[in-house]
Every structure is written in C-alpha cells, then in structure tokens.
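Number of protein chains: 2
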Amino acid sequence: MRIALNLKGIGYHSRFVHLLRRGGEQRQPAYLKLNPQGLVPALVDGGTVITQSLAIIAYLDERYPQPPLLPTDVKARAYVRSLAQLVACDIHPLNNLRVRQYLATCGRHSEAEWQAWYRHWIQEGFKALEAQLAAHPAADRYCYGNYPTVADICLVPQVYNAHRFNCQLDDYPLLSSIYRHCSVLKAFQEAAPECQLDAS
Amino acid sequence: MRIALNLKGIGYHSRFVHLLRRGGEQRQPAYLKLNPQGLVPALVDGGTVITQSLAIIAYLDERYPQPPLLPTDVKARAYVRSLAQLVACDIHPLNNLRVRQYLATCGRHSEAEWQAWYRHWIQEGFKALEAQLAAHPAADRYCYGNYPTVADICLVPQVYNAHRFNCQLDDYPLLSSIYRHCSVLKAFQEAAPECQLDAS
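Sequence order for the protein chains is A and B. full-length UniProt numbering numbers the first residue of the first sequence as 1 and each following residue consecutively. full-length UniProt numbering numbers the first residue of the second sequence as 1 and each following residue consecutively.
Calculated from the structure, these hints are not laboratory results. It is possible that some hints are incorrect.
For identical chains, the list gives no copy identity; a pair is met inside one copy or between any two copies.
In silico lysine-lysine, DSS-like type, Cα no more than 27 Å apart, as pairs [what the hints assert, rightly or not]:
hint	residue 1	residue 2
1	Lys75	Lys33
2	Lys33	Lys127
3	Lys186	Lys33
4	Lys75	Lys8
5	Lys75	Lys127
Isolated chain A (complex conformation) (with noise of 0.2 Å):
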C-alpha cells in the first residue's frame, strides 16, 4: 500500500499499529473500529475505510489514475493480476503472523518447524511465479512491462521478507533481478520497514 502510495506521489500520514505491543494493537478497539477484522493494512480516505491490500491498490489505481499500476491490455491485466495473486493468495497468508501465533500455540510448532514452513511455502510460490515470469518475454526488470505494476508492489516485501528469514533465492534469478531494479525506486525503498518513523 506504501509502495502504491509513493509510487502515485500521493501525500498520506502513516498511523502505525504496532501487532505485538499491548497485546497487539489491532485487535484493541480504536483499531477495531476502522477494520473488523484487527488486521492491517487498512486505508481511510475521507470518511471512507477501505481493507484488503489488493482492494486498497486497486482502489488507488482507480481514484489516481497516473501513473498506472496494471496494463491497459486486457489480458496483460490479467497475467499481472494473476502474479499479484499468487503472491497475495498463495504466499502471503500462509506467513503471516496470526499464523505464526496459531502454529506455536494450537500447532505446538517450534521455531524450527515455523523456519521449514515459512520456507515451504516461499518456495512453493517462489518457483511458480519465476516459471510464469520465464514464460513470459523480458521479466528481468519489473514482472510485466517497463513501469512497476500491482505484481511488482507484492512481490518485492516477499523477497524482502525471504532475505529476513534467510531463504535461498539462487534459483530464482527474474525475482532476484525484479526486486534489484525496484529496490532502487524511490517509491519502494520510502516504504521500506527500516524507512518507517517507528522502526527500532
């Protein structure tokens, strides 16, 4: 959501809700009343509250619509939405960290068992989107295209998280390539977790 953001140069105060502090802030009820649901991101624009990343993104892409965050091609705004989703629907809510807490309490997972998952499933998702993205002609500096688009903003935290938990990437040269050329945009590396005002 960051990263769409800066990408559109649109100005916006981050309130950041810290999800291990006081028992974890999202599920305290100031938070509750803007999402439900206790997760993050959510978006106020105005009186309205929008959740979901991809919905946020779409949201932004469709209110701003310079500079745009899919193909105008139809089916090229498929593919890049289908990659958009592997990342969001296969990889990420398997990572997360209500999952985490579940597997450690209810699983009676250990550290170690949440490394191999954690692993597993960047892998699982890892090797499908770099086989989607050799299918496809020149995937080396953004997913699709010569801007970043709504795969390219879910696919640099991944790799960014994989680095964190120490993941191989050696056999996944077009990702490692794409997130090299978007680490250097401005509008990615502003939205960096280190980049944050409440970083420690």
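Fit chain B to the supplied structure of chain A, relying on the hints for placement.
Structure of chain B alone, referenced to chain A:
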C-alpha cells in the same frame, strides 16, 4: 470461476483436474504446462491461459461486462473487492488441500487438529465478514446491492464448505442469509460441486 461464467452466460467446457487421483492430476505435466503452479483453477480463452480465481473473475468482468460483477462507484468497488479478498486471502488459502497435506505430513497434525484449524480460520474470517456486512446497509440478499458480485462468488463456496465441515454458523445471520439467497440462483446451483459431471 464457474459461478462467474454462469452469471455472464458464457459457454465453456470443463476439464476436471482430480486433486487426489494419480498423486494429484494438478501435478502432472499436462496440467503444469497450463499452470506451472499446479493449482486449480485455470481459464483457457483462445491461446491465453489465466490463473488465480480472482484474476480470472476480473478478466471475465472486463472482457464480458454484462452483467457486471462489481458496482460502478469507485468506493463501492473497493468495498466489494475487500470482501472478496477477505475470503480469497484470509480464509481460503489456509484451508485448502495443500495446507492440509503439509500439516498432516510435516506437522503431524491429527484429523481433529486439522478440523480445529479449519474451523478457527473460518470463524476468524466469518466474524470479520459479518461485522463488515453489518456496518453496511441492506446486505441480506447479496453482499452488496441487488445483484451478485465477486464478493458473493467468493463467499458462497466457503459457506458451502463450512457446512461440509460442520462449522457452527448461527453467529453469522447475514452470511447465512446471503448464502440462502444465492443458493437459489441457477448460476450458483449449476456451479456447485455435486452438479459437476465428474461428481462421484
């Protein structure tokens, strides 16, 4: 995907991919050529293969606009998309077959533990959905407005599965009402698993 095709009155041929036959037909070379990820569904339209349910539905909606699967107002579109994403990202990915297989083999989870896991994520998701729907007016026939949208297309199969897994749904009167209303529509009925040619 079948519901979207039916709602739009688009003729199609189904090729059934048996997830449990021959070690998973979705992992056989014939299917991997279509979708390297080895996950269903995939839509083949002429020479184009599109993967990921929500990307397929968005494609169908752009290529065959009538009847629409999203409202026209930008904020309403965002809301409907957020409901669809809540199901597609926060419920479905956690409860599908590949996760069940991983937990059973690598996680040594019993069948009872799988059922508890399944119900946990259904409840988390449905509680959030019910709260979202309750905060918006007149969501008793469909998730939004007076015709089925992508939100209903995502929701109905999840409620169907929750029934199969004996989840208690008394706390979700709006979800249950929407499910009942959609279930009488031919487009939803004909997409139900038991109506498919390969149903056993």
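Right, here's what the structure says about each hint:
| no. | hint | in the structure |
| --- | --- | --- |
| 1 | Lys75 - Lys33 | between (38 Å within a copy, 18 Å between copies) |
| 2 | Lys33 - Lys127 | between (39 Å within a copy, 14 Å between copies) |
| 3 | Lys186 - Lys33 | neither (33 Å within a copy, 37 Å between copies) |
| 4 | Lys75 - Lys8 | both (23 Å within a copy, 18 Å between copies) |
| 5 | Lys75 - Lys127 | within (22 Å within a copy, 35 Å between copies) |
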